[in-house]
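Peer 1: Single-letter residue listing:
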Amino acid sequence: MFLRKYGDLITSVFFLIFGIWLILYARTFPESAIVSIGPDFMPTTIGLLMAVLAAILLVQSIMALKKPAEIKADEDAPEYKRVIESLVLSLAYVFLLQPVGFIISTLVYLFAQIFVLAPEVNRTKKDLIIFAVVDVVFTFIVFFLFRYGFKIVLPAGIFTINL
Amino acid sequence: MGALAQLGSALLSVCQPQSLLLMVAGVAIGIVFGSIPGLSASMAVALMLPITFTMTPSLGMNTLVAVYIGGISGGLISAILLNMPGTASSIATTFDGHPMAQKGEAMKALGLGIVFSFLGSEFSFLILTFFAPKLADVALQFTPVENFGICFFALTMVAILASGNMIRGLLAGLLGLFFASVGMSPIDGTARFTFGNSNLLAGFNQISTLIGIFAVADILKTAEHMSANVGKTIPINKVKGFGFSVQEFIHHIPNFLRSALIGTGIGILPGIGGSTSGMLAYVTAKNMSKYPDEFGKGCPDGIVATESANNATIGGAMIPLLVLGIPGDGVTAMMLGGFLIHGLSAGPLLFIKNADVVYGIFAACMVCALLMLIIEWYCIKGFVQVLRVPKHILLPLVLVLCAVGAYATNNRIFDVQSIILFGLVGYIYHLLKLPTTPFVLCFLIGSLLETNLRRGIMSYKSFGAFFARPIFDVFFFVAIGVLVYSVIKEVRAGKKKA
Chain A
1 MFLRKYGDLI TSVFFLIFGI WLILYARTFP ESAIVSIGPD FMPTTIGLLM AVLAAILLVQ
61 SIMALKKPAE IKADEDAPEY KRVIESLVLS LAYVFLLQPV GFIISTLVYL FAQIFVLAPE
121 VNRTKKDLII FAVVDVVFTF IVFFLFRYGF KIVLPAGIFT INL
Chain B
1 MGALAQLGSA LLSVCQPQSL LLMVAGVAIG IVFGSIPGLS ASMAVALMLP ITFTMTPSLG
61 MNTLVAVYIG GISGGLISAI LLNMPGTASS IATTFDGHPM AQKGEAMKAL GLGIVFSFLG
121 SEFSFLILTF FAPKLADVAL QFTPVENFGI CFFALTMVAI LASGNMIRGL LAGLLGLFFA
181 SVGMSPIDGT ARFTFGNSNL LAGFNQISTL IGIFAVADIL KTAEHMSANV GKTIPINKVK
241 GFGFSVQEFI HHIPNFLRSA LIGTGIGILP GIGGSTSGML AYVTAKNMSK YPDEFGKGCP
301 DGIVATESAN NATIGGAMIP LLVLGIPGDG VTAMMLGGFL IHGLSAGPLL FIKNADVVYG
361 IFAACMVCAL LMLIIEWYCI KGFVQVLRVP KHILLPLVLV LCAVGAYATN NRIFDVQSII
421 LFGLVGYIYH LLKLPTTPFV LCFLIGSLLE TNLRRGIMSY KSFGAFFARP IFDVFFFVAI
481 GVLVYSVIKE VRAGKKKA
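Keeping their order, the protein sequence lines are chains A and B.
So the first sequence is numbered by the numbering used here: it starts at 1 and just counts up by one.
So the second sequence is numbered by the numbering used here: it starts at 1 and just counts up by one.
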């Protein structure tokens, strides 16, 4: 609800600040000795356009806020817990991929991610076994396909298969 | 010998069993690479290159062509079924392909995509066969100034795509332009927005950005409503043949011709590429359509436009490659490597010295497109089974494939890590109801735009001198016209609402 009401306001304020930051930051770039349009030209232009458009949107959204907002029937509430869990899992995955290695990190990540996404009714013992089988089979198929089919060596990490 | 006679004898030799088998294998491998998000056509060609070492030049080239064609067309499969473009060329296929799949028309969407990919390829190959040398002269007319004009024109398309909510659409796009400017600036190599991180010097990888915006953001979006969607499955309507009638086919012909022309035209210009051509064809089809509001909600015309155009780009891209020896993108650069390995030097002399090889390539292109049609048609039923896999299992598997694909492009773990950043951008856009398409389009074109602008200024000294070039003028003023028209339309619509 909060986002629906203040979405435009947040967007415009964010882009306004970002645009101004861009313009200021671009001033620190050195001038180009070869070309009259230097490395600061694009960021400055982007920042300028952004700030102007955001200012217009800001005015519009403030005007819109004054009007009584039409209240729509709420759909099912988003499950932000699942979203945050997925985000944390995938973050952990991409940062552990290199140090831990592809096989172990993928085995752990896939199972956890499938479990987090699965609706409560799909978390019976039988489902968990399916998840585990899919997890193991898929991880090794990808590993062997890349290693021997495409000749691309995935991060080995602490444990590796040498065949 | 005339072109037709040359082509005829080349077709005969291409259809030898050994070369046919190699091409079937090549097309199939290409389709696999194309359909997996993160694995690209250029990677497939790079992988096949060493395998062609031991073959004769013509067999080797036929195999590479097969992989290229399979790779570009394979992207439509994942675009339609998973809402993730398998290659950058098929971004615009997701706009209408995925909504169609959601409505149960996955088979029809795939059928349309495959048939028009085939027709688009053949169209461009015919042009390639008969007009290659003449068109190459046109390509030479294009300096950075003209390329800047085209990029500028493509960018104004964002305004049209975002119509109805233009300010937010443009803001969404501007952020994409910003991300494109991260890294070393073109020409002088000033480090911008890198904050001392050496990984950022090369900028963000295109594949990582696409994967983040599409695949990672999709997982987060799906996670929002997982419990509510229990037991909901996507229907898959059974269809006969390719899933559309002769009347429908005739209805699509004007759209097809226009899109294939756009595709071939963009292909001829080095360095612009399939993703832009697909997008341009899509927007043009939307504007010319009698029912523009249907676009984006599962309109077959959208698929026809994109797929005709991105496959037609292949034939276009081969023109500067063969005639001038200028590769337009990553894939054609790999192909050029293939030429060198087999002792052929692409360029004007190739047509005189090795005419048999040149016409062999033309013939191979045509046959490979047909093979692609046959292989994909037989596999449609298998592809759509992907829709039956529950989302909570499917999406994590896709994410792992994407992560591996992002890694494989440059063997850089940073590319994998940046997919999460773009996933977050995609998800925040979703929360704020901002469109992601302008972001992607601007990101893809951003660095091209800047490079060409600055190169142009370098050789012509001032922006004013750009206007002395007529081709630039056309693109520039049409773009300005389109922009003004869209803004007026937008303001009027806004007044009506108020």
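In short, the hints are calculated from the structure, not lab data.
Check the hints yourself; a few may be wrong.
Chain A is nowhere near these chain B residues, computed Cβ spacing over 10 Å in every case [what the hints assert, rightly or not]:
id, residue
1, Leu12
2, Gln18
3, Pro133
4, Asp137
5, Ile380
6, Lys433
7, Ser462
8, Val474
Result set (DSBU-like, lysine-lysine): computed pairs, CA atoms no more than 30 Å apart in a straight line [claimed, not checked]:
id, chain 1, residue 1, chain 2, residue 2
9, B, Lys489, A, Lys81
10, B, Lys433, B, Lys489
11, B, Lys240, B, Lys381
12, B, Lys240, A, Lys5
13, B, Lys495, B, Lys290
14, A, Lys66, B, Lys495
15, A, Lys81, B, Lys381
16, B, Lys433, B, Lys353
17, B, Lys495, A, Lys5
18, B, Lys461, B, Lys297
19, B, Lys353, B, Lys297
20, A, Lys66, B, Lys433
21, B, Lys381, A, Lys67
22, B, Lys297, B, Lys221
23, B, Lys240, A, Lys66
24, B, Lys221, A, Lys125
Some chain A residues well away from chain B (every beta-carbon gap over 10 Å; in silico) [as the list claims (entries may be wrong)]:
id, residue
25, Ile62
26, Arg82
27, Leu87
28, Val116
29, Tyr148
For each residue, glycine too, the CB sits at the ideal point set by N, CA and C.
Peer 1: Against each hint, give a clear statement of whether it holds in the structure.
Peer 2: Consistency of the hints with the structure:
1. No beta-carbon of chain A is positioned within 10 Å of the beta-carbon of Leu12 (chain B); the least distance is around 33 Å.
2. Every C-beta of chain A lies more than 10 Å from that of Gln18 (chain B), the closest at about 23 Å, which supports listing it as non-interface.
3. At roughly 35 Å, the least C-beta separation between Pro133 (chain B) and chain A is larger than 10 Å, which holds for a residue marked as non-interface.
4. No Cβ of chain A approaches the Cβ of Asp137 (chain B) within 10 Å, the least distance being about 29 Å, so the stated non-interface status holds.
5. Every beta carbon of chain A lies more than 10 Å from that of Ile380 (chain B), the smallest distance being close to 23 Å; the non-interface claim holds.
6. With 10 Å as the threshold on Cβ separation, the claim that Lys433 (chain B) sits away from chain A is violated: the shortest Cβ distance comes to roughly 6 Å.
7. Not every CB of chain A is more than 10 Å from the CB of Ser462 (chain B) (nearest about 7 Å), against its label as outside the interface.
8. Every CB of chain A is more than 10 Å from the CB of Val474 (chain B) (nearest about 23 Å), matching its label as outside the interface.
9. A hinted pair counts as satisfied when its Cα atoms are at most 30 Å apart, and Lys489 (chain B) with Lys81 (chain A) does not qualify at roughly 42 Å.
10. Proximity of Lys433 (chain B) to Lys489 (chain B) is assessed by CA-CA distance (about 22 Å); at most 30 Å being required, the pair is judged to hold.
11. For the hint pairing Lys240 (chain B) with Lys381 (chain B), the CA-to-CA distance comes to about 11 Å; that is within 30 Å, so the pair holds.
12. Annotation: proposed proximity of Lys240 (chain B) to Lys5 (chain A) is violated, straight-line Cα distance about 47 Å (limit 30 Å).
13. Proposed proximity of Lys495 (chain B) and Lys290 (chain B) is supported: the alpha carbons are some 24 Å apart, at most 30 Å.
14. Restraint check for Lys66 (chain A) and Lys495 (chain B): the C-alpha separation of about 18 Å stays at or below 30 Å, so the hint holds.
15. Simply put, Lys81 (chain A) and Lys381 (chain B) have alpha-carbon atoms about 36 Å apart, too far for the 30 Å limit, and the pair is violated.
16. The straight-line distance between the Cα atoms of Lys433 (chain B) and Lys353 (chain B) is roughly 58 Å, outside the 30 Å bound, and the hint therefore fails.
17. A threshold of 30 Å between alpha carbons decides the hint, and for Lys495 (chain B) with Lys5 (chain A) the separation of about 22 Å falls inside it, so the pair holds.
18. Of the pairs offered as hints, the one joining Lys461 (chain B) and Lys297 (chain B) is violated, with about 46 Å between alpha carbons and a cut-off of 30 Å exceeded.
19. The hinted pair formed by Lys353 (chain B) and Lys297 (chain B) fails the criterion: a straight-line CA distance of about 52 Å is larger than 30 Å.
20. Taken as a hint, the Lys66 (chain A) and Lys433 (chain B) pair is honoured in the structure, with Cα atoms around 21 Å apart against an allowance of 30 Å.
21. For the given pair, Lys381 (chain B) sits about 52 Å from Lys67 (chain A) by alpha-carbon distance, which is inconsistent with the 30 Å threshold.
22. Only pairs whose Cα atoms come within 30 Å are accepted, and Lys297 (chain B) paired with Lys221 (chain B) is accepted, the gap being roughly 18 Å.
23. A threshold of 30 Å between alpha carbons decides the hint, and for Lys240 (chain B) with Lys66 (chain A) the separation of about 55 Å lies outside it, so the pair is violated.
24. A distance of roughly 27 Å separates the Cα atoms of Lys221 (chain B) and Lys125 (chain A); the hinted pair therefore holds under the 30 Å criterion.
25. With a least beta-carbon separation of about 14 Å from chain B, Ile62 (chain A) lies farther than 10 Å from that chain, consistent with its non-interface assignment.
26. The claim that Arg82 (chain A) is not at the interface with chain B is violated, since a C-beta of that chain comes within 10 Å of its own (minimum 4 Å).
27. A Cβ of chain B approaches the Cβ of Leu87 (chain A) within 10 Å, the least distance being about 6 Å, so the stated non-interface status is violated.
28. Against the 10 Å criterion, Val116 (chain A) falls within the reach of chain B, whose nearest CB is about 7 Å from its own CB.
29. Chain B leaves Tyr148 (chain A) outside its interface by the beta-carbon criterion, the shortest separation being 12 Å against a cut-off of 10 Å.
Against the hints set out earlier in the document, violations occur for numbers 6, 7, 9, 12, 15, 16, 18, 19, 21, 23, 26, 27 and 28.
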